[in-house]
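Asks: Below are the chains, spelled out letter by letter.
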Amino acid sequence: MFPNNLFENPERLNRLIDIAQSSFLPLVKGALLYSITIALVSFAVGLIIAVLTALARISGIRPLVLIARIYVSIIRGTPLLVQLFIIFYGLPSLGLRIDPIPSAIIGFSLSVGAYSSEVIRAAILSIPKGQWEAAYSIGMSYTQALRRVILPQATRVSIPPLSNSFISLVKDTSLAAAITVPEMFRKAQEIVASTYEPMLLYIEAALIYWLICFLLSILQDRIEIRLDRYV
Amino acid sequence: MIQVRDLHKQFHSLQVLKGISLTVEKGKVVVVIGPSGSGKTTLLRCLNALEVPTSGTVQIGDVKLDFSQKPDRSRIPLLRRQTGMVFQSYNLFPHMTALQNVMEGPVTVKKEDPRKVQLKASAILAKVGLADKVDHYPAQLSGGQQQRVGIARALAMDPQVMLFDEPTSALDPELVGEVLKVMKELAQEGMTMIVVTHEMSFARDVADEVIFMDQGVIVEQGPPEQIFRQSREERTRQFLQHLQVRD
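Going down the list, the protein sequences come from chains F and B. By my numbering, the letter at position 124 of the first sequence is numbered 124, and the numbering carries on one by one without gaps. By my numbering, the letter at position 63 of the second sequence is numbered 294, and the numbering carries on one by one without gaps.
It is worth saying that the hints were derived from the structure and are not from the lab. Possibly wrong hints are sitting among the right ones.
[Stated by the list, open to error] Cut-off 30 angstroms, straight-line C-alpha distance, at most; resulting in silico cross-link-like pairs (DSS-like, lysine-lysine): (1) B/K295 <-> F/K129; (2) B/K341 <-> B/K415; (3) F/K129 <-> B/K364; (4) B/K341 <-> B/K358; (5) F/K29 <-> B/K358; (6) B/K358 <-> F/K129; (7) F/K129 <-> B/K351; (8) B/K351 <-> B/K301; (9) F/K29 <-> B/K301; (10) F/K29 <-> B/K415.
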């Protein structure tokens with residue numbers, strides 16, 4: 001009987017508490033140093049790709065539309081884990097060797113770029129045509145209208161779905177464990193390998209992921225309130 | 232000031248403008264009336280190339296664009312810099328305050344010094360009676376106030392010509408007056424204006440010339456007394472009668 005065992009056996013309980021305590025810091029370190037950092041960098045790069053892809057999609061210029069569609073289709077149509085394996089384990093056979101962390105960032109950025117481009121495209125299209133016309137009527141160029149009038153409003157529309165993407169991304173960084181990035185989940189696996197306490201360590205890792213995502217959703221609420229001040 | 236020659240505009244198979252020619256002298260106020268679908272809004276939008284005409288020429292000030300040849304797109308902003316546009320649905324930038332809306336053109340397009348622009352923009356907003364609303368966002372303003380910000384935003388670019396596209400059609404009746412008052416003041420200051428409107432009283436009191444359009448052509452044009460009292464064309468009379476019945 002597992003639960004009875006645990007409480008009738010104070011030695012085992014103490015050992016679990018010990019492991020939980022001593023593993024907490026390495027896990028948090030893995031989260032801050034790798035999981036969150038990789039997520040932030042990938043998200044920033046991914047958003048730039050996403051905006052460019054969205055603009056290509058709505059440009060109406062055939063080759064650009066086609067390239068954007070193919071890119072989005074490939075990334076959305078294949079598993080992220082497979083993409084990471086291709087970048088890290090596959091490319092070296094073509095002579096292209098990329099370190100684990102850059103590999104992860106490339107994979108995650110491409111993924112964010114594809115998924116978020118659809119969000120951003122929809123957000124740009126949701127801005128009334130009159131806003132473009134007003135911008136043009138005071139003499140703005142396409143780029144000025146986009147930068148000063150359209151994107152600021154599209155940002156507001158896209159914050160909730162983009163927050164979703166970011167929270168997903170933070171959790172998806174655990175996939176980088178499979179390409180040897182020493183992020184939180186890989187740390188947890190390593191500690192399991194030496195302590196044989198999978199339940200404890202994986203629950204602990206799960207709780208830390210949850211805590212991070214909880215804090216992020218609070219941040220999302222704050223951003224939304226701030227951006228909603230003018231509507 | 233404005234010269235339009237043989238302007239055509241076609242949307243797919245639909246001919247909206249069928250050869251419009253028009254001259255407007257500096258400082259004149261021209262009011263364009265006509266039933267919906269007559270092409271009056273399209274004409275206005277062709278003047279600053281929000282719609283690119285199918286053929287014909289538009290000249291405003293020293294900027295002349297011939298749309299019969301392949302139009303030189305890089306000159307379209309030049310044409311737009313000559314004109315200020317006021318929209319039926321205001322189209323203010325909702326993420327900017329009234330002041331920021333008015334400053335946006337001079338700062339972003341003309342690259343003027345923001346501190347100087349701020350003084351100028353405040354003065355223009357005061358002129359349209361909104362000195363106390365400079366820091367309000369559009370959503371915090373009434374329709375009439377928003378439209379006056381719209382006028383101020385256009386004026387800030389120092390346009391040669393002001394184009395008004397049914398500026399009071401979206402307003403509650405009690406708010407129409409404040410917008411028309413600002414437009415009248417502008418006319419008195421000598422601004423060249425082309426106004427598409429259903430406000431016949433404005434046409435009667437302010438216009439130097441009234442143009443009646445129907446089915447993509449100018450049916451009749453002349454001073455307001457002539458159009459309203461002794462119009463020569465049956466179609467004009469029918470349209471005006473219909474309005475009076477509605478009033």
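Asks: Would you mind marking each hint as holding or not holding in the structure?
Replies: Outcome of the hint check:
| no. | hint | verdict |
| --- | --- | --- |
| 1 | B/K295 <-> F/K129 | holds, 26 angstroms |
| 2 | B/K341 <-> B/K415 | holds, 28 angstroms |
| 3 | F/K129 <-> B/K364 | holds, 26 angstroms |
| 4 | B/K341 <-> B/K358 | holds, 22 angstroms |
| 5 | F/K29 <-> B/K358 | violated, 60 angstroms |
| 6 | B/K358 <-> F/K129 | holds, 29 angstroms |
| 7 | F/K129 <-> B/K351 | holds, 28 angstroms |
| 8 | B/K351 <-> B/K301 | violated, 38 angstroms |
| 9 | F/K29 <-> B/K301 | violated, 63 angstroms |
| 10 | F/K29 <-> B/K415 | violated, 69 angstroms |
Hint compliance for this structure: hints 5, 8, 9, 10 are broken, all remaining hints hold.
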